[in-house]
Amino acid sequence: MSIVPKETIEVTAQSIGITNLSPEAALMLAPDVEYRVREIMQEAIKSMRHSKRTTLTASDVDGALNLRSLEPTYGFASGGPFRFRKAVGHQDLFYTDDREVDFKDVIEAPLPKAPLDTEVVCHWLAIEGVQPAIPENAPLEVIRAPADNKIYEQKDGPLIDVRLPVKHVLSRELQLYFQKIAELTMSKSSPALFKEALVSLASDSGLHPLVPYFTNFIADEVSRGLNDFQLLFNLMHVVRSLLQNPHIHIEPYLHQLMPSVVTCLVSRKLGNRFADNHWDLRDFTAKLVSLICKRFGNTYHTLQSRLSKTLVNALLDPKKALTQHYGAIQGLTALGHNVVRLLILSNLEPYLSLLEPELDCEKQKNQMKSYEAWRVYGALLRAAGLCIHDRLKVFPNLPSPSPSLLHKGKGKIISAEPRKRKLSADSSQNQLPHKRLMTTTDGLRPQDHTGPAPMHVDKPMGKKGNESESRHQNEKERGKGRVITMKAILGQIWKDDLDSGRLLVKLHQLYDDRILPFIPSTEMSVFL
Amino acid sequence: MDPEQLDEFVMGYLKKKGFNGAAKQLQEALHNNNNNNGTGSSSSFNSTDYHNDPELTKLIRSFSQSENDPTRYRNGYSNLRSWAYNSLDLYKHELLRVMYPVFIHCYMDLVGKGHTQEARAFFNSFRKDHEMIHLRDLQKLEGVLVPSHLEEMEFARSLRQSKVNIKICQYSYDLLLQYLHRTESTLMLGIINEHINFQVYSGQPNSSSDDIDAVTIVGSFQETADHVNQKEIQWGLLEDSLEDRLEKTGSLLTDSEKGQGESKDGDVDDSNKKRSTEIGKQGSSLKKLKKDKAGNATAKVARQETSTVSPAPRVKSELALPVMSTDVEESILEDLRNRVQLSSVAMPSVSFYTFVNTHNGLNCASISHDGSLVAGGFSDSSIKVWDMAKIGQAGSGALQGESDTNDQVAGPNSRRNYTLLLGHSGPVYSATFSPPGDFVLSSSADTTIRLWSTQLNANLVCYKGHNYPVWDVQFSPFGHYFASCSHDRTARIWSMDRVQPLRIMAGHLSDVDCVQWHPNCNYIATGSSDKTVRLWDVQTGECVRIFIGHRSMVLSLAMSPDGRYMASGDEDGTIMMWDLSTARCITPLMGHNSCVWSLSYSGEGSLLASGSADCTVKLWDVTSSTKLTKAEEKNGNSNRLRSLRTFPTKSTPVHALRFSRRNLLFAAGAISKPTS
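Chains as they are written, first to last, in UniProt numbering: chain A, 1 to 528; chain B, 1 to 676.
What the hints contain is simulated information worked out from the structure, not anything from laboratory work.
Think of the CB as a built atom: it goes at the ideal place given N, C-alpha and C, for glycine as much as any other residue.
Treat the hints with care, since some could be wrong.
[Stated by the list, open to error] Capping the alpha-carbon separation at 16 Å, the derived lysine to aspartate or glutamate pairs in EDC-like fashion look like this:
1. B/163 to B/89
2. B/140 to A/34
3. A/369 to A/356
4. B/140 to A/43
5. B/140 to A/183
6. B/140 to B/152
7. B/140 to A/32
[Claimed, not checked] Here are a few chain B residues that sit away from chain A, every Cβ distance over 10 Å (derived from the structure):
8. 182
9. 355
10. 386
[What the hints assert, rightly or not] Pulled a few chain B residues facing chain A out of the computed Cβ check, cut under 10 Å:
11. 130
12. 146
13. 149
14. 178
15. 358
16. 360
17. 363
18. 471
Please model the complete structure; the sequences and the hints are all you need to start from.
In structure tokens form, the structure reads like this:
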């Protein structure tokens with residue numbers, strides 16, 4: 001009925017000495033009490049408005065009472081907030097805690113500090129419509145963009161260079177879209193749907209407003225989800241889709257995106273379970289890196305140098321895990337043959353000598369470790385192979401002798417792995433002249449791309465052997481007819497480019513022992 | 001129901017409703033009827049025809065069945081509501097307009113019949129529908145719980161006594177009637193008949209945007225407002241104003257001087273310099289007011305018919321205006337010459353005076369016309385006046401506002417930087433400077449207005465007249481006269497030399513919260529808690545315009561310099577632009593989300609500045625409206641004015657704003673939380 005319960009009326013009546021108030025009377029009084037209280041409050045609010053305040057104070061109520069010639073309330077002028085205490089044993093009875101104060105204490109207490117006197121200070125709120133960046137203005141903590149807090153946190157330091165953050169308004173649709181994508185990325189349950197989402201991300205226009213949110217999302221999730229292999233993979237797919245989208249201008253956000261990408265490349269541990277094929281993730285990310293460098297290398301000059309520095313540091317630190325080395329090698333390989341030549345090949349010899357003991361099955365008891373070492377070895381081999389191939393391709397006469405071969409090889413590889421990079425397929429095929437290199441790279445490639453089941457780990461050597469052998473049955477047949485021409489070309493190359501030749505020889509020396517068992521006899525003999 | 005019962009019921013009904021005369025007649029008629037029945041002729045009295053009309057019988061029966069059942073209101077209303085919400089979109093908004101009056105009258109009926117509990121339940125279950133538009137009214141009505149409150153409360157009484165006007169298109173009206181008849185919801189029909197006055201028009205329903213006046217208004221009040229608004233007003237500027245004189249002299253200026261003036265106008269980027277001159281040039285010259293020029297004044301009481309064709313017609317003053325001393329006039333002319341032209345592309349500079357260490361006690365702030373003096377009225381009944389020019393000089397000449405407070409407090413030459421004016425015995429609610437800055441007027445909760453001299457730093461006069469706290473006081477644009485408004489629902493006109501008011505303007509239905517002079521001094525505008533703004537003729541004391549449209553109490557007013565438009569700001573943060581001659585709202589300016597404490601037009605009227613409790617100063621482009629209004633009026637659609645800029649402060653609600661004559665914008669406010 002009334003918001004003032006009749007109990008309140010009874011209690012109030014008791015407090016002013018009316019003990020025989022009948023419940024009916026209390027019930028009758030309650031609505032009227034509410035009405036009067038509302039009246040007083042209405043006047044009090046007017047008083048508050050005219051004091052240009054937005055909080056009601058006890059003095060406003062006193063003012064309202066004064067207007068009606070009523071006695072003001074006493075004891076509320078101290079200004080401190082009231083503390084209501086619950087009466088013990090009652091559900092909803094409260095009272096204000098009214099401490100007894102000893103006069104002596106009050107008198108003897110030292111005088112409080114005099115309050116500061118009122119002053120007026122003036123500043124420019126705006127000069128010709130522009131707010132100057134002075135400490136009196138620009139309350140950054142009041143208006144803050146919904147996202148991108150990081151950017152503004154950095155800006156908090158020097159107040160001089162303050163820019164007002166632009167308020168970022170996202171439409172409801174975009175918010176929903178973002179939410180949906182984020183959910184899909186996190187959920188991992190419906191790969192088909194996720195694939196659709198990636199397509200949409202890569203092609204839809206009008207997603208640009210979401211880019212900062214996506215970069216934030218990716219950065220957050222990568223740092224949080226390093227143990228979740230599938231999540232990381234999904235995130236990298238999202239990155240790739242964003243990069244592919246022609247309507248998105250992602251450049252300003254690259255600096256936020258790159259750490260996450262590099263993390264997925266060279267992190268010590270990606271994924272938690274044994275079954276997680278983090279090699280795949282690293283390869284994929286390496287491709288992403290190369291994509292980024294190709295697209296933004298021109299506009300973002302320091303990008304590649306900084307990236308390669310990071311990767312080389314990871315590679316040359318012997319304390320880092322082999323997985324990290326692998327990632328670094330893949331990343332560097334993706335950056336192109338010049339980088340490989342400068343940064344990997346120059347360090348190849350000492351590195352291989354370090355890797356040697358790990359590779360040895362007898363010496364390295366830990367099969368996991370040895371497997372990892374082999375992966376690294378394979379990656380190195382591939383890097384070197386790509387490098388040497390690219391160098392040799394420079395010669396104008398190289399492509400001409402083997403067009404048929406090129407076509408044939410391409411067709412084959414593409415049919416087997418339609419989605420793989422053409423370039424790498426191409427290059428591996430073209431490496432045939434250098435049989436030794438070719439075979440080793442080829443021997444490794446199937447494993448790189450098909451992704452061995454984790455159970456194969458216990459016999460890495462055997463598996464590799466088998467696979468490469470079966471591969472090389474084909475190679476042999478194809479290669480036989482070409483051996484002669486290849487040989488001629490090789491000779492040519494060595495003649496023309498001593499440098500490349502020397503490199504080749506060096507590589508041969510380095511890889512020699514390990515390679516020999518895998519090289520089919522015919523090609524080997526040609527080479528030798 | 002047999003005829004006997006029916007007669008009885010009709011009798012009871014008439015008696016209950018207090019139609020004693022009718023009841024008596026009926027009784028006589030029945031009596032005669034019975035007699036006539038005996039004689040066999042019943043033709044002479046048609047007053048009892050309802051026996052033969054089945055429709056009417058049904059109606060009466062429904063009355064008798066459930067006269068006192070409180071649930072009928074709930075059911076009837078909720079049915080009507082769901083019907084209205086499910087109606088066609090095109091007519092929906094018109095039909096929904098009907099809901100609010102029906103709602104409040106259902107509630108008041110329930111309360112009036114003593115069903116307090118049901119009334120409360122009914123109110124709470126449907127209040128959400130109306131909260132958006134009618135929140136304040138609902139808050140008032142919520143407290144009404146017993147029939148006596150209905151009598152006591154003015155608002156409820158006025159609602160009960162008057163009808164609501166609702167504009168509705170023919171089709172919607174038919175729909176509504178059809179529905180009410182079909183469902184036999186006589187109760188709703190009764191309420192609608194009793195309290196709503198439909199203005200049916202043919203054609204398509206209006207767009208829902210212009211329903212501001214369609215919903216808020218109590219009918220009879222609307223009629224008086226319409227009536228009042230028919231009166232003619234002369235909104236033009238005064239003849240022979242300083243601006244005119246400037247134009248005249250400007251035309252006589254040599255080319256070189258003109259060029260100089262233009263270069264000054266263009267010299268906006270050097271605002272630091274401008275500011276220093278602005279502040280340095282304080283109102284130093286004491287103006288001698290030649291009071292009561294009335295003796296030799298040509299008593300221009302008769303209104304001159306001025307043509308409204310020219311952009312700003314000239315009118316003669318109805319008041320005897322004080323004579324300005326020549327040096328004051330010179331300084332004003334100088335200011336006008338140096339005025340920066342403002343527009344939507346040329347923004348003003350804003351200088352902000354922040355009150356610190358006010359301990360939540362600052363009730364009002366005021367800035368003198370040249371911006372050099374700042375006065376604050378405090379809840380401890382003191383007034384403090386700062387001379388910013390002096391402070392600027394003391395603070396090593398640095399006027400940029402970086403002057404540290406502590407330095408000033410500890411300054412060796414003076415203990416206080418301000419002039420303390422003590423005299424009031426209650427919170428000071430308003431302060432205003434006379435145009436040359438030599439006097440300050442203050443109004444207080446102690447019901448008095450006091451006049452202070454800034455030269456003598458002393459109280460000169462105490463004006464007693466209001467019976468309740470005086471909320472606002474404003475000097476007229478030419479000084480000498482001032483207007484005040486109070487909780488006692490009146491506004492009063494005073495002159496400095498009389499301790500009694502010259503005019504009392506009564507008519508507002510609630511507190512008069514703010515007052516503002518028209519630039520030609522012939523009118524004042526008042527804003528009130530009754531959510532209206534009124535314009536009063538100063539000479540006659542009559543109300544000449546009522547502006548209806550605000551949804552909460554009006555807190556600030558400003559008049560455009562050409563005297564044609566008025567802006568008013570309310571508690572919810574809405575600013576409305578009014579055309580004085582038509583009393584229509586040109587467009588509401590939405591943007592603030594809290595009380596608009598202060599409004600100010602720029603010197604040439606192209607920009608409007610608003611200061612709000614949401615700690616922002618906003619600039620609005622009002623030129624587009626003034627130019628387009630004529631076309632708009634023809635088209636009938638309103639063009640939304642643009643918000644140009646928003647300047648947020650660092651948690652300082654903006655209490656006062658003033659454009660100086662040179663178009664520098666001054667703002668003042670107390671920082672709401674301690675810095676550092």
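Going down the list of hints, with the structure as the test:
1. At most 16 Å may separate the alpha-carbon atoms for a hinted pair to count; residue 163 of chain B and residue 89 of chain B exceed this at roughly 26 Å.
2. Of the pairs offered as hints, the one joining residue 140 of chain B and residue 34 of chain A holds, with about 12 Å between alpha carbons and a cut-off of 16 Å not exceeded.
3. Between residue 369 of chain A and residue 356 of chain A the alpha-carbon distance is near 12 Å, which keeps this suggested pair within the 16 Å criterion.
4. Distance restraint check for residue 140 of chain B and residue 43 of chain A: the Cα-Cα separation of roughly 11 Å lies within the 16 Å cut-off, and the hinted pair is therefore satisfied.
5. Proximity of residue 140 of chain B to residue 183 of chain A is assessed by CA-CA distance (about 48 Å); at most 16 Å being required, the pair is judged violated.
6. For the proposed pair residue 140 of chain B and residue 152 of chain B, the alpha carbon gap of about 13 Å is at most 16 Å, so the pair holds.
7. For the proposed pair residue 140 of chain B and residue 32 of chain A, the alpha carbon gap of about 14 Å is at most 16 Å, so the pair holds.
8. Consistency note on residue 182 of chain B: stated as away from chain A, and its beta-carbon is indeed over 10 Å from all of that chain's, at 36 Å minimum.
9. The beta carbon of residue 355 of chain B sits about 6 Å from the closest Cβ of chain A, which is not more than 10 Å, so the claim that it is off the interface is violated.
10. Listed as outside the interface, residue 386 of chain B is inconsistent with that label: its C-beta sits roughly 5 Å from the nearest C-beta of chain A, within the 10 Å cut-off.
11. Annotation: residue 130 of chain B was flagged as interfacial toward chain A, and the flag is violated, the nearest CB pair being 18 Å apart, outside 10 Å.
12. Taking 10 Å as the C-beta cut-off, the interface hint given for residue 146 of chain B holds, the closest approach to chain A being about 5 Å.
13. At its closest, the beta carbon of residue 149 of chain B sits 5 Å from a beta carbon of chain A; the interface hint therefore holds under the 10 Å criterion.
14. Evaluation of the residue 178 of chain B hint against chain A yields a violated restraint, the C-beta minimum of about 38 Å exceeding 10 Å.
15. With a cut of 10 Å, the hint placing residue 358 of chain B at the interface with chain A holds, because the nearest CB-to-CB distance is about 5 Å.
16. Checking residue 360 of chain B against chain A: minimum C-beta separation of about 7 Å stays under 10 Å; hint holds.
17. Restraint check, residue 363 of chain B versus chain A: the minimum CB separation of about 5 Å is within 10 Å; hint holds.
18. Using the Cβ-Cβ criterion of 10 Å, the hint placing residue 471 of chain B at the interface with chain A is satisfied: the shortest such distance is roughly 5 Å.
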